[in-house]
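K.L.:
Going line by line, the protein sequences match chains L and H. Going by my numbering, the letters in the first sequence line up with residues 1 to 69, in that order. Going by my numbering, the letters in the second sequence line up with residues 1 to 806, in that order.
Simulated from the structure, these hints should not be mistaken for lab results. Wrong hints could be hidden among the right ones.
[To be verified] To give an idea of the chain H side of the interface with chain L (calculated C-beta under 8 Å), a few residues: (1) Asp48; (2) Ser89; (3) Asp138; (4) Leu181; (5) Leu182; (6) Phe186; (7) Ala217.
[Said to hold, decoys possible] A partial selection of chain L residues facing chain H, derived with a Cβ cut-off under 7 Å: (8) Leu6; (9) Val12; (10) Leu21; (11) Ser30; (12) Lys55; (13) Glu62; (14) Lys66.
Every residue gets a Cβ at the ideal spot worked out from N, C-alpha and C, and that includes glycine.
Below, each chain spelled out in residue letters.
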Amino acid sequence: MDDNVLSAMIFVSVGLGALGLIAFLWGLKSGQFDDSSKFLDGALHDSEDDLNVAKKMQDKKENFKKENK
Amino acid sequence: MQTSNNETVCSHCHLSFDVNVMFTEKLDTKLLHFCCKGCQSVYHLLQDEGLESFYEKVGKKTLHPIDKIDDNLSKFDLDGFEKKYISKSDGLSKVSLVIEGIHCSACVWLNERVLNECDGIIETNINYTNHKASITWDPSTIKLSEIIKKIRSIGYDAHAYDSKLQEERVNKTRRDYYSRLLVGIFCTMNIMWIAIAQYAGYFTGMKSNVKDILNFAEFALATPALFYTGWYYFKGAFYGLKNRMINMDFLIISGTSLTYLYSIYASFTGNAEVYFESVTMIITFIFAGKYLEILSKKNAADSLDSLNSSVPSEVTVIRNNQRSVIDTTQVKVGDFLEVKPGDKIAIDGVLRANNASFDESSISGESVPIYKHIGDNITSGTVCLDAQIIYEASTDLSKSMLQNIITIVEESLLKKPKMEILANEISGYFSLMVLAMAILTFAGWFVMGVGFENSFIIAISVIVIACPCALGLATPVATLVGISMAAKKKILFKSSSSLETMAKATTIVLDKTGTITNGSPNVVSYEKFTSFDINLLYSLVQTSTHPVSKAICLYLEKNEESCENYFLDEIKNIEARGIRAQFKGQDLLGGNHVLFKDEKIKLSINPNNTQFIFAIDGEIACLIELNDQVKIGAKQTIEQLKHLGLELIMCTGDNDFVANKVAHEVGIQRVHSSMMPKDKALLVKELQESNKIVITVGDGINDALALSRSNVSISMGNSSDLTVKVSDVIFLNNKITTLYEAITLSKSVYTTIKQNLVFSLLYNLITISFAVLGYIIPVVAAISMSLSSLVVVGNSLRIKRIFKNG
Numbered sequence: 001m002d003d004n005v006l007s008a009m010i011f012v013s014v015g016l017g018a019l020g021l022i023a024f025l026w027g028l029k030s031g032q033f034d035d036s037s038k039f040l041d042g043a044l045h046d047s048e049d050d051l052n053v054a055k056k057m058q059d060k061k062e063n064f065k066k067e068n069k
Numbered sequence: 001m002q003t004s005n006n007e008t009v010c011s012h013c014h015l016s017f018d019v020n021v022m023f024t025e026k027l028d029t030k031l032l033h034f035c036c037k038g039c040q041s042v043y044h045l046l047q048d049e050g051l052e053s054f055y056e057k058v059g060k061k062t063l064h065p066i067d068k069i070d071d072n073l074s075k076f077d078l079d080g081f082e083k084k085y086i087s088k089s090d091g092l093s094k095v096s097l098v099i100e101g102i103h104c105s106a107c108v109w110l111n112e113r114v115l116n117e118c119d120g121i122i123e124t125n126i127n128y129t130n131h132k133a134s135i136t137w138d139p140s141t142i143k144l145s146e147i148i149k150k151i152r153s154i155g156y157d158a159h160a161y162d163s164k165l166q167e168e169r170v171n172k173t174r175r176d177y178y179s180r181l182l183v184g185i186f187c188t189m190n191i192m193w194i195a196i197a198q199y200a201g202y203f204t205g206m207k208s209n210v211k212d213i214l215n216f217a218e219f220a221l222a223t224p225a226l227f228y229t230g231w232y233y234f235k236g237a238f239y240g241l242k243n244r245m246i247n248m249d250f251l252i253i254s255g256t257s258l259t260y261l262y263s264i265y266a267s268f269t270g271n272a273e274v275y276f277e278s279v280t281m282i283i284t285f286i287f288a289g290k291y292l293e294i295l296s297k298k299n300a301a302d303s304l305d306s307l308n309s310s311v312p313s314e315v316t317v318i319r320n321n322q323r324s325v326i327d328t329t330q331v332k333v334g335d336f337l338e339v340k341p342g343d344k345i346a347i348d349g350v351l352r353a354n355n356a357s358f359d360e361s362s363i364s365g366e367s368v369p370i371y372k373h374i375g376d377n378i379t380s381g382t383v384c385l386d387a388q389i390i391y392e393a394s395t396d397l398s399k400s401m402l403q404n405i406i407t408i409v410e411e412s413l414l415k416k417p418k419m420e421i422l423a424n425e426i427s428g429y430f431s432l433m434v435l436a437m438a439i440l441t442f443a444g445w446f447v448m449g450v451g452f453e454n455s456f457i458i459a460i461s462v463i464v465i466a467c468p469c470a471l472g473l474a475t476p477v478a479t480l481v482g483i484s485m486a487a488k489k490k491i492l493f494k495s496s497s498s499l500e501t502m503a504k505a506t507t508i509v510l511d512k513t514g515t516i517t518n519g520s521p522n523v524v525s526y527e528k529f530t531s532f533d534i535n536l537l538y539s540l541v542q543t544s545t546h547p548v549s550k551a552i553c554l555y556l557e558k559n560e561e562s563c564e565n566y567f568l569d570e571i572k573n574i575e576a577r578g579i580r581a582q583f584k585g586q587d588l589l590g591g592n593h594v595l596f597k598d599e600k601i602k603l604s605i606n607p608n609n610t611q612f613i614f615a616i617d618g619e620i621a622c623l624i625e626l627n628d629q630v631k632i633g634a635k636q637t638i639e640q641l642k643h644l645g646l647e648l649i650m651c652t653g654d655n656d657f658v659a660n661k662v663a664h665e666v667g668i669q670r671v672h673s674s675m676m677p678k679d680k681a682l683l684v685k686e687l688q689e690s691n692k693i694v695i696t697v698g699d700g701i702n703d704a705l706a707l708s709r710s711n712v713s714i715s716m717g718n719s720s721d722l723t724v725k726v727s728d729v730i731f732l733n734n735k736i737t738t739l740y741e742a743i744t745l746s747k748s749v750y751t752t753i754k755q756n757l758v759f760s761l762l763y764n765l766i767t768i769s770f771a772v773l774g775y776i777i778p779v780v781a782a783i784s785m786s787l788s789s790l791v792v793v794g795n796s797l798r799i800k801r802i803f804k805n806g
């Protein structure tokens, strides 16, 4: 019984830590930490307008992909 | 928005000007003022596009007024350009640009918005920190030249850079190393608390099934550390073996993987202790040192990118009265090339049109610009200062001065004396010795008849004990602390081995211009003969980009309460002499004594090359003396270095008189003047032949050869990129005082390394002999192994304390 508890505790605690590590590695790989001031300064220029532009850009990208298929 | 008397801010750039010189217009109910047509057009463009919220985002910050827009866009659509800078995939093109003129985050926002509104642009990403942009677009809808035009139309400029060359590669390795290091640290931290439970269990007793669970957890954590983080060492050891060399990587790998295998064996048999925690700790610690090295390389690449545009890769050639931009490699002898003021000459040639001044400081070290006439030779690497010139290429690229130096430097980089080879050899012998000893131990115990398994365990314990835990950490941890301390003091080490070499150096060769002195003229005295409006002088020197004018401009801005820029008429640059302009009927004249001689104005002062004389309506108003001043703290630094027993030599391309004057001022006895780049390199070679270890400090292209030959090369952060490339160490703050700090730091790191090595060798000697005799209790081995590493780490951290106090 105490064996199971011990292994479960080690597994859960190390596993939780590993989850954090994996999440961080993913962020690192996708370039989220390349530009240190983007998230701070970029937040200053956030508005409904900018959101619309972002959506438009995404549409443009998808349209281009569709046309080329 | 009125400021003081009659001044109004421009509606676009927010700079204040006299209201009379501004364009005024009424839009709806608002009264708008513009300082120039450029600002006006950008303002209207933003209104039309519905981007006027830009001005809210900018707030009260001022922008640069929009200068004349350079209309030379055709080069962006040339084939050569496309091959070099544009990458294509899935029918989309992608380019990396550096955007100039960005002041704040609002500028980034504006650029992104304007580009995003463009048809055909699929993705824009501008970095807020270094203003580099990557743009993806559909080449069938829009051309790159149109994109650049868009950026220029809102008042910014963009030039392409080859991201594949350095940045991307360095960024990728850095990211890769960072993830590996993180995994290593994660595993070490977790394995340590499990290991502590095991140590405790050893002394207080632990059930074997609990021990098995802990063993398995340690195994699970040690595996990624060894194979993911340690992958780099596996690769290094493999390449070493391929070249028939046993290197440090091999030692680390053989030590750690044997310990790892032994620990797996021990956890199955259950009659011995496991050493998984040692495996992860060694790998992680050593890898952290490696990571720090990569990090400083990335910093070097960052500073390199900003300098990159200084070596011209394309030139404007005139063939059949047609101007076209071509790659420097395509220039033939006899081509006529056009150069704008402020541009660097790419290819040697003969001046054919317009006399002009040339800044030759990067080649000769001469701080005063040289005036050249039609028919004079001009050298690549120099900068044309004040006129648009046309010259005839007398060689092709490969035979040009600049290219020659680059080639020689690149060749000599391969021949650089390398200290670490020796260190590698020693560690190679050490690991061979340990392996041999382990085999002998096994054979000895087996012959004595203790059985295969027991002799095997003893032999393995010899390797585990000898596993270069402390020895492997001795150098990297000390250099790791040293490099990070150095980075705090703005010293960048490109490789850790230079720390060691620097500590052993006996001789320092210093360049004059830019190293001991500031490298540009500075105002030393200012004498007024009559009282006059200082703004007249300020406005006059503002019109020129000559170093002397710039220096005076800076001086006035610093020492006068307020400087105002008047609008001068009929501004004329009199080459190599001075400037003349008109202001409200007054005739302004400023320049050297030759100019006044030409104008037949009598001077009551001794003529001298470093003077600037200013006259209003022919009457001399003031005299300014300029000088290339010695950097702050230079004298003190040189004294301190002498105290350390170092031999100091000054070496410059400048003439005897100037060289001796500076040398005397800072207290250097040995001076070599009028040295060509090759002479400097020769001097370094001669010094090395008389068994001296030479540090060279320099900043220009003229020092690059000498730098590449010396044992340790140091360059200033504002050096030419070639110099930065060949240097082992870079002083980011451009201060000469950093030299003393760097040398004392390297000396204390070297002492620490020696202490660490002596300690770990002694430790190994004692413990190996116990292990060979079979006396080692496994858990004592594990604890003492961690302990010895801690001693080494602690000793290394002392460097930090010494430097905080000193």
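K.L.:
Each hint: holds or not?
P.N.:
Comparing the hints with the structure gives:
no., hint, result
1, Asp48, "16 Å, violated"
2, Ser89, "12 Å, violated"
3, Asp138, "6 Å, holds"
4, Leu181, "11 Å, violated"
5, Leu182, "7 Å, holds"
6, Phe186, "5 Å, holds"
7, Ala217, "5 Å, holds"
8, Leu6, "6 Å, holds"
9, Val12, "12 Å, violated"
10, Leu21, "5 Å, holds"
11, Ser30, "10 Å, violated"
12, Lys55, "11 Å, violated"
13, Glu62, "10 Å, violated"
14, Lys66, "13 Å, violated"
In the structure shown, a violation is registered for the earlier hints numbered 1, 2, 4, 9, 11, 12, 13, 14, in ascending order.
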